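Colleague: Let chain V serve as the given structure and place chain G on it in line with the hints.
This is what each chain is made of:
There are 2 protein chains.
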Amino acid sequence: MALIVQKFGGSSVGTLDRIHHVASRIIETKQSGHHVVVVVSAMQGETDRLIRLAQTLTNEPHPREYDVLVSTGEQVSMALLAMALQAKSIPARSFTGHQIGIMTDETHTKARILNVKTETIQKTLNDGFVVIVAGFQGINKHGDITTLGRGGSDTTAVALAAALKADECQIYTDVEGVYTTDPHLLPEASLLPQISFEEMLEMSSLGAKVLQMRSVELASKHNLPIRVLSTFSKHPGTLVTFEDKIMQKRLVSGIAFSREESLIALSAVPNRAGIEGQILGKISDAQIEIDMIAQNASDQDKTDFTFTVQRKDFPKALKIVETLAAELGALSPKTNPKVAKLSLVGIGMRSHAGVASNMFRALGNANINIQMITTSEIKISVVIDEDSLERGVRAVHEAFGLDKLSVETHQDFMET
Amino acid sequence: MALIVQKFGGSSVGTLDRIHHVASRIIETKQSGHHVVVVVSAMQGETDRLIRLAQTLTNEPHPREYDVLVSTGEQVSMALLAMALQAKSIPARSFTGHQIGIMTDETHTKARILNVKTETIQKTLNDGFVVIVAGFQGINKHGDITTLGRGGSDTTAVALAAALKADECQIYTDVEGVYTTDPHLLPEASLLPQISFEEMLEMSSLGAKVLQMRSVELASKHNLPIRVLSTFSKHPGTLVTFEDKIMQKRLVSGIAFSREESLIALSAVPNRAGIEGQILGKISDAQIEIDMIAQNASDQDKTDFTFTVQRKDFPKALKIVETLAAELGALSPKTNPKVAKLSLVGIGMRSHAGVASNMFRALGNANINIQMITTSEIKISVVIDEDSLERGVRAVHEAFGLDKLSVETHQDFMET
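Same order as they appear, the protein sequences are chains V and G.
Oh and the first sequence: position 381 is 381 in the working numbering, straight run, nothing missing.
When you read off a place in the second sequence, starting at 1, and then add 1000, the result is the number in the working numbering.
Rather than coming from a laboratory, the hints here were simulated on the basis of the structure.
Note that this is a predicted model, so its numbers are computed, not measured.
All clues stand as given, with none of them false.
Here are the simulated DSS-like cross-link-like pairs (lysine-lysine), alpha carbons at most 27 Å apart as the crow flies:
(1) 334(V) to 282(V)
(2) 117(V) to 1117(G)
(3) 110(V) to 1088(G)
(4) 123(V) to 1141(G)
Every beta carbon over 12 Å from chain V, so not counted as near; a handful from chain G, in silico:
(5) 1011
(6) 1184
(7) 1186
(8) 1230
(9) 1234
(10) 1242
(11) 1286
(12) 1316
(13) 1324
(14) 1326
(15) 1332
(16) 1374
(17) 1380
(18) 1390
For glycine and all other residues, C-beta sits at the position ideal for the given N, C-alpha and C.
One chain only, chain V, in its complex shape (with noise of 0.2 Å):
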């Protein structure tokens, strides 16, 4: 018997057709034998619902009652979900973050979650309930409520699960798994059965949006394994785990990327201690999130310096960076305000030099020029046109036979 945490989000509980569904997946896992600890979102569309009334009736909602408001979204599912499961004759529990005690920090509507008590929910399950608590929220020293910020319910889980020490955190959504790139730009994405910890970081980050980065974290502190995988099919989904658990080795494991950026690159500005927090400190002052940077000295007095930002911010960043550029003596700024981000992310790369020259050939092979280049342990991304954002991924995806992945058995699948 093990203790497996179950999470559905939005759209698995979005119809009270969804719940049936969902219910007859959890009576599976329950029926061969094992502990269910079952975290719902609200049924899709409800938070939305819930922040609309807040915000039609004032423009700025007082953030401790915000979240008493939205709040109750996963409530309404929990509590369908238990008449669901207990309509089935399956007798199941369903509980809040304060029923269940789930304790935050103080910070309204993002919280964190500081503790969580396992008295109640080791009880719950001993008696023979599944146990059904509400994803995404919690309650503060004071005993206010509070929440964990958009897709909080994965962090939910995953801090349950590792409270619990569960063998198991899945996180049932509407797609089968993680893939190496989006299968929307590129329907020859394969799925990956199995991603570590520091790759689903760095896809995350990059806008693969399976699963709340603070989760993935969190599970990663706490060497527990992540199964992403979809409501909808029997597909056994994607194992996030500890690079050391990847029996098949790859050396990359996917292709993020995003749009909307911009770039300004700043040429021949005085090369001196202080001047990159200088400019960017300028930047961030107004409110202007950096994303990519990078520097090359150029010479010994002059440097070079790129960076993109999004690009609603571009007219504003670029205004400010042509009064430095004026100020330091530098040329007029470069730009090109509709480039996109490539990255390719692989725990692999860490020990093989020639990723990074396979990546350039392949893309000056399909014609694509690069724009400007970073790098990190177990990613290399780049700046290139976004007119050419699908060629550029397709070619990287064909380079390194992304396509090409063979699906593994999971001989540790735990779900049936």
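Modeller: Chain G only, in chain V's frame:
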């Protein structure tokens, strides 16, 4: 400085505009220097929406989970109301039944309040906040969410007011107060400035749906005055209080009525001990509720026995009674399937003979045939043809001068 509990029903918080309006009313009371505790219902239609979800999902929603589900309605409105107050720079905090500690028994869907903790409310009031509490909900000793049944927010308000030793409990609704009879039937009905608890109980149970009965009982038990008044006007409404506080004595206070009743009369039933129990037992065994019962011993051996049931139960009740009459050797039952009950209520009638005869004379003058009479300490009820109901109410209303009640000054009205 007084402590006022204000309860706002579902229609009072039915839209975001109305929530702003309610916030303004609360601010008036607060700015008059009073402590204010507010109890809110779910937004109009919300509880029904949630119940529909549950009933569409499953025929018999599990009661524990039903309470988890429907209790979210009040949580939404309490948060929105707190936001509206905060947006008008009035500090406010909302609390669930769980957070306050509204302890109930374990009867899900119609729990009874056992005990209300006051620490959190007192502390929050002393810190200068308006305290907003979800009506209709509590928790049982296991920490499970319970609900109090339809209209339960009134009971929450009264229980809070009693526990806090509030100076007044104001029930805001969409009518101006308690009328001498239903103004929809009789436009000349007068608003009662005051009414006694006993009269109110008789009026409530007879269908004047202004206050939940249990809340009136509770207020009476704790000697707590309740004021019923409209959210949408400045009229001081009706004060429900003890008899000795009602200065201007009236013989009678109002006329309640109910339609959709049917009458069944058994004649020449053997007059022996236990015969009534035998007859009524058969009826109630069939889950039929009996409303009025009257019995006349016509001679030493025989008795006449008349009762009323709701019209929907009439065919079933008649069948049972016909079988019984044959068994008992009674005459075949006489029936009138379309009758109504008209009840004159007044604490003054206790010490005044002549009220009954005056009432019967008024009905006789209107050419209305009385088919059954029952009386209690402060109420006289008659059964008449439903077709005559409006004429009957008007005749009795006029006979006791209820259309000419002057509105008294409310010296102790505390709202502003």
